[in-house]
Every structure is written in C-alpha cells, then in structure tokens.
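Trainee: Each chain, letter by letter, is given below.
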Amino acid sequence: MPQVSMTVNGKPASGEVEGRTLLSTFLRETLGMTGTHVGCDTSQCGACVVHVNGDAVKSCTMFALEAEGADVATIEGQAAADGTLNAIQAAFQEHHGLQCGFCTPGMVMSAAALLKENPKPSEAEVRKYLSGNLCRCTGYHNIVKAIMAASGQDVGAIAAE
Amino acid sequence: MPADGGIGAATPRREDVRFLTGAGNYTDDINMRGQAYVAFLRSDVAHGKLKKVDTGAAAAMPGVIRIFTGEDFEGVGGIPCGWQVTDRHGEPMQEPPQPVLAQGKVRHIGDRIAAVVAESLEQARNAAEAIVVEIEDLPAVVDMKKALEPDATKVHDDLKNNLCYDWVFGSDDAAIEGAFSKAAHVTTLELVNQRLVANPMEPRVAIGDYASHSDESTLYTTSQNPHMIRLLMGAFVLGIPEHKLRVVAPDVGGGFGTKIFHYAEEAFCTFAAKALHRPVKWTSSRSEAFISDAQGRDHVTKIELALDAENNFIGLRTDTLANMGAYLMTVAPAVPTYLHGTLMAGCYRTPAVQVNVRAVFTNTVPVDAYRGAGRPEATYQLERLIDKAARELGADPIALRRQNFVTEFPYTTPVAVQYDTGNYHGTMDVLEKIADIAGFEKRRKDSEARGKLRGFGINCYIEACGLAPSHLVGQLGGRAGFYESATVRVNATGGLVVMTGSHSHGQGHETSFPQVVADMLGIDPSMIELVHGDTSKIPMGMGTYGSRSLSVGGSAIYRATEKIIAKAKKIAAHLMEASEADVELKDGQFSVAGTDKSVAWGDVTLAAYVPHNYPLEDIEPGLEETAFYDPSNFTYPAGAYACEVEVDPDTGKVEIMSFAAADDFGNIINPMIVDGQVHGGIGQGIGQALLENCVYDETGQLLSASFMDYAMPRADDVPFYAVDHSSQTPCTHNPLGVKGCGEAGAIGSPPAVVNAVVDALQSGGHKVDHIDMPVSPARVWAAMNNA
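Chains as they are written, first to last, in the working numbering: chain A, 1 to 161; chain B, 1 to 787.
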C-alpha cells in the first residue's frame, strides 16, 4: 500500500493507506485522532471539517493521498499546549454553542476559516457560511452567537440570552 | 443569578472542554484490540420472499471471517416491543416478531438479510456486495388507508391483517355525540403529520466484546438508556443474564428518541462477538441510518371541534391513522396512544374529548418516538384546528384560546391525565410582550410595501413529561418500570461521585446535576463528579427520554442527597456532642443552633471513613446512599409560541422573520441549558414545518435517503429565537418543582409556523385553510394558485 506523509497540527504524521482511504479515515483510524467526526457520507454535514494548507476542507471528501505533504490542522490542535481554549472554543463554551458535541469540531474549524477571511461577519454572513455544517441540537442560535462573539462583537445587543 | 453555581446559575458546561478539543469519547472512537468489522447486507426491495441467500463466493473473499444469515438466529429471540396496547374491544394489539436477521421475508427497504464479519470494513463491505440474493417481489404496502383495505397484501403473513390495533380513548360515545349534536359550530380539519427522520449527527454504532475467561459480554452502543438495552437484549433476545452483560453508552452524539430503542445491530454485534471470540464493530453510515434508524411521526388525522354559541369548546373528536412501519420498535405502540391521545385536551377545558387511533403495519422503516413523540402530533392537530375555528368564527385566535384555557388546578381532562398546576394566561402574557404582538400590523404593512405577505401564527402547547408513574404505566401496557435511580458516593476527603441512571447525550447533565447536589450541601460544584452511561458503574436506571432526566432522575439524586445529609448530620452531632435535631447544614458547614459549635463538611466525611470518633453503635461507617424515585404523576410543561413569516407570493417561499417562545418549565436549574434545549427544539420544529419530509414511493422505495434529499434545517433557514421561561408554576409533586424542557420546542413550534403561513396567505386574499407540512415553496405556491 502507498505511504502518505503530512504535517498534522505541526507534527509530522505518516502511514500506509489505500488509494481510496479518505483523509477523515486516515486521521481517525491510522493516526487515532478521533476528534474529527464523520456524520454523513455525502459532504453535507461538515462534522469532518479540517484545515488543509489553511483552507477549510471536508476531510470525508478528500483522499488521504491528496494531502501528501500538506499542512493539516484539526480540532485537536486548536487549544494551547496547556489546554487553554482558543477564542472560538472559549466563545462556544461561554455562549453554549454546543450540546452533544458531535458537530462541534467541524463547527469550530469552519468558524476559524470564516473569521480568517471575514473578521467581523454579520449574522447573515455567519449563517450563510455555516450552511455546510449541520447541527441537530442547538437550532444554531448559540453557534451563531458564539462565532460573532469570538469575532469581538457585542452579541448581547444582537440576540437575547 | 446565584453566584455559587447552585440551582438557578447559568454555569458554563464542564463537558464542553472535551468536546471542544476533540477529546470526546463517542462509540465510534472506541477501537478494541483485534476487532473485526461488520457490514450488513440490507434489502433493496420493500417487500419480498427470500428465495436464496448464497454466501459461498462471498465467504471465500479476502478477510472474511464469517457471514451470518437468518438461519444463524433460529432459536434466538427477536427484537422485543416494550409496550402492549389493548384495543377498543379489550384484545391485545397484533405483535409480529422482528428477527435479528431476516427469516423468510424482507419487509422494508433496509431490512437485514445477512451480516459479514471481516478483518477490515472495506473487506466486509466488498463481501456483502458479493452475496447472491434472490428475492421474489411481493406487492409493497405503503399507504396506510390502502393497507387497511380487506384485500391488502399482509406485511406479516401470520397476522390477521395490517391493523396493529384500533384504540379508542376518552369520553364515551354518548358524551361526544351529545356535544356535537348541540354544537352551534363545528370545525373540521384533515391533516398529515409527515414522517420524519431524527438524524442525530452521530450515526449509530455498536461494538460487541466477549471475555471467554469470565463468560462476560460487553456492548458499547449509542444509546439513551443502557440499562434498558441490557434488559431487553439480555432477557429477550440473547438469553444473557444481566450479571454477565455490561452495556456502555459513552459520549453519545444526540438521540432525539431514535437512540432509545433496542436495535438488531446491537444484538448482532453482541452475539457475533461471543460466537467468534473477537470484538465486533458496526458503524452506521448516514445512508444506512436513513433505512435502519426508527423514524418518527407519520400520522394522518381527521379532527373535529364542537363549539357552543359563545365560542366555548364543548367537544373534540379525532380519528388518526398511525404508521408503525414494518415492525414494532421498543415503545412504538405507546406513541400514538398514551403519548398522544392523553394530551388531546391541550390547554383547554373541553368537557368531551374522544380519540381514535388505528395503528397500521406498512412496508416501511419502523416508526417510533422522535422528539416529542405523540405530543407534537396532538398539539399540531388541535392548534391548527383552533386557528381554523377562529377564522371561521371571525374570532381573535388568542382570545379564543384564552377564553377556553384551563384556569383551575388540579384539572382532570376527559383523556385521563391530571394537570397538577399551570398558568396558561401567564405564558400568553409573556408571549404577547416578547413577540411584540402590538407591533405586528406595522410590520405587516412594511412587508406588504416590499411585496411580501406577512403572517402571524400562535400556538399553545401542553405536554406530559417526567415519564412516568410505574403503576400507571403498567396498567396501560408498559412492560417496564419508569422510575429513576441515583447513588451518591461521598469520598473520605469530601468529594462526591453521583451515579445516575439518566443518560446525557447533549443535555449537559454533567454540569446541571451537580448544581443540584452542590446547592443542597452548600459545597462547590467542582467537588462533584457525575457518572452515567455504564451499567457496571451505575444503579439500574431507565435512561433519558420524554424530558424525564431532571424531573425523575434529578429527583432521585435529590432523595439520595437527602439521605446523605441525614446521615452526615448524625455524624456531625456525634462530633459536636450535640443533639442531631439541633444540627444545621449551611454552606458546607455543620453547626449547632444557638451555639458556636461547628464542623466542616470534610471533617464529617473523613469521620465516616476513618471512624475513630464515631457512633458505631448507631450507624455504619461510610457515606454512600442510593435512591430510586418513582413519580406520582407526569409533569405538565406548557407554553405559548408565536411565529412571524414572510411569504414571497411569486415563489411561495416562506421565510421565518421571528420566533418567540414563552414556556413554563417550573423551577429552573441552569437557565443557559434550558434556553439551549428550547432553541434546539424550535430548530427541529421549524425543520418539520418548512423542510423535512421522509418520502416513500408506491413501491416502498425511500426517496429521501441522504442529506442531499432530506432537507435538514441549516443555519440560514432559522432566525435568532426569543425565549422566556419566567412564567413558572413549579411542579407540585417532585422535590425540585421541575417539569422538563427537552421536547417543548419541537412540540410547540410546527403549528405556530403553519398558522403563520396560512395567516399570511389569507392576508393576501388567498382562501387557504390549510397546507400540509413541510410547507415548501411548491406547496405554498400551489395552494395560492388553486385557491
């Protein structure tokens, strides 16, 4: 079987894969990094979003071999080494932007990509950007709030607690 | 807000940190040494005779360990049903068997024909595709009305017909006919509460493991109630005594009802692990989930309301067909009956109410509880009907509801239940404020100026939560107790472990339950750890569904903590050389009233485990107590919801402009979590009202079998919601005064949305009385242009 090598959260990672092995499978099964979740098989739910060379990618829709040499970032690498949550993670906790937690890794990774390209998104822009990330628990209310709060906006004035 | 993290504090959730850092431990994250993988071969026809299942070539493929078929499960129990409904003639419902793997026939798309166990998932899937199956197609029974015709093909050959039961409940015929015969006005509505797919974001997973040295089986599974799975699977399917069977439901990625039930895949993995002496893992794909997770709703109803000349409700009569699908899942028969018919009175003092439900077998995926389970169906019918009545009578829809509200409690309805407390005018008062009803006409004019039709929809709901008084459930055909359990284990150094039979799969129990105990003991919540989801660690518990966790499970924790306090006071009295009756506990400190004597919580817990100075002649060492709490009644959360929509008259597209929810949940432990529960329920309710539809064609093929075809609500389909639970009438019969909040949003929102859409169309001069959900642009446009 072919060998694939990449950088995951700043550390070198490699393993043997089949040609059909998905990046999400490589992360979860080969590397044992189970923070990236798989919630569908049609690229709809977004639980598997990771960053590949800085871009948000649905890792269930990319072959592991396509990530050869790439710089991959996953949910496991978002907090500081001492466990301190980053601004988006902290906002999700503060604003109760997660319940069962299954969609959360993808939501956090998508939010990070959004705020990189649009540091102060409007409510409509956040909702539009998240249309590729499904959540069944929150009705999206607190996810949208959390992302706007992480961008430094006063969400108390935007939506009631 | 209390600053101490006790009852009423919006404490951030402690479980969030692991979920936000990828450290959650969901079932699919578990991998056992030497595990094998399962792929099920599922039927691609809805109904047929199995003529041949040839596994020969497939079994010889690389990596295949063994292929199982129905023959391997002859003599093994079938998947049991946990509730027996008695029909209108006193006869038990028709109850067909559900084999783990198909025997002789397949009865729905996705029915399990064979299971391949292989060294890798890819090998298992490859071999499953290579199994040669011959099926003699039989006519598929899909439509419920056709299924009940005398010459309809039978889903189950051994049953008399496709009728599971014909159930009548509530007022007798004389009372109901009397009401309708003297009515000044009768409003009638026929409607469909469409089939939905629960779709928790985590697909189901099962891992069976077997230890031959101890003859112990372990099942890791995505369940809302691990003990119930242990009982059902151990006692009824596989014949494994409970002490040799452990069921673990670790982090579970949402349930919404569909993870209550005991599924064949769980039994298969447990069975195969023992047969093969290897761990066996099955992970559902989303496509597989659409054809194997129990689905929800699917009622067709005719409902009639009789009013007198003063617009008082005097009679209500319903006739419902409820789809069971091909097999009876765990609580399926109870959903259209005791979780639906008993709520048909709603918030209103209608003196005569009669409910008829016929449950029907069809060649479709089985149907069971989905968030709200029967109560959304009841609310939807009633509240759509009242809106129609108001329009026919020229009455204000809010005034008509207010006029008929129950206002005196306790109130026993004609459909058996007794509302212990409530204040329906109170929640309506809150709603009128937060929905800014006074400003609606101006907003309507603004919309019209932009070429849009604006509508306002109201809805009042009541639900029965806190399942359930066991003696009552037993009388109604439930085959289980519905208490909840808790053990509180205090450690020598003062920390606590609370073991609950409730299961958290998004509800935040790890945060909110310790708030209760911390409040009672006056200690910091960080001293308290919650354990759930593992039958080897927790007392026999009934799990989480029906908004029961806090009202029943929380009450068990309350009772166990009371026992802890009672014993701790005895110890403290001994240490302080005081009378037990004089000992008080406040802020984690025991003191003697009227003196300066005191001992700290930690002094007492240490004494309990190092009993050197201890009343050993009176009490045992240690500090650990268990309580089982069986509620004396259901709880009755209620509320009033309002939705405003804009309809584009050119396309029929509906946009939700605002949504407001005023709920009465009784006392609140963590308002942040309660808000989140309501938000999520509203999101699902809007999904049902506008988007979601599980559709079979006439041959029983599922047309909406992926997220490409089944329209889940997305972030840009919904607005921010205004939620308020300040109108509170605490439950009168549980120690916390709580009612439950998990399902309210999903129950209360669909009628508000549809009422708003009809109101918008009416404002544009379209004489549209009703549109079935989902209120899609095509349906709205058709209604506007045909009416």
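Hints in this document: simulated from the structure, not taken from any laboratory.
Note that the structure is a prediction, hence the values are computed from the model and not measured.
Just so you know, even glycine gets a beta-carbon here, dropped at the ideal spot from N, CA and C.
Keep in mind that a hint or two might mislead.
[Claimed, not checked] Footprint (simulated), chain A over chain B, 3 or more residues, beta carbon under 8 Å:
(1) 499 to 507
(2) 537 to 549
(3) 706 to 713
[What the hints assert, rightly or not] Cross-link-like lysine to any residue pairs, in silico, SDA-like; alpha carbons within 25 Å at most:
(4) B:K433 / A:E16
(5) A:K116 / B:S658
(6) B:K653 / A:E123
(7) A:K128 / B:K433
(8) A:K120 / B:R443
(9) B:K653 / A:K120
(10) A:K128 / B:R450
(11) B:K244 / A:I158
Trainee: It remains to establish, for every hint, whether it holds in the given structure.
Mentor: Against the structure, the hints come out as follows:
1. 499 to 507: Holds, because 3 residues of the region 499 to 507 of chain B bring their Cβ atoms closer than 8 Å to Cβ atoms of chain A.
2. 537 to 549: violated (count 0)
3. 706 to 713: With 5 residues in contact (Cβ-Cβ under 8 Å with chain A), the coverage given for the region 706 to 713 of chain B holds.
4. B:K433 / A:E16: 62 Å, violated
5. A:K116 / B:S658: Status violated; Cα separation ~30 Å.
6. B:K653 / A:E123: Roughly 21 Å between the alpha carbons, so the hint for K653 (chain B) and E123 (chain A) holds.
7. A:K128 / B:K433: Between K128 (chain A) and K433 (chain B) the Cα gap is close to 30 Å, so the pair fails against 25 Å, i.e. violated.
8. A:K120 / B:R443: 29 Å, violated
9. B:K653 / A:K120: 29 Å, violated
10. A:K128 / B:R450: 23 Å, holds
11. B:K244 / A:I158: With a Cα-Cα distance of about 55 Å, the restraint between K244 (chain B) and I158 (chain A) is violated, given a limit of 25 Å.
The structure is inconsistent with the numbered hints 2, 4, 5, 7, 8, 9 and 11, although it conforms to all the rest.
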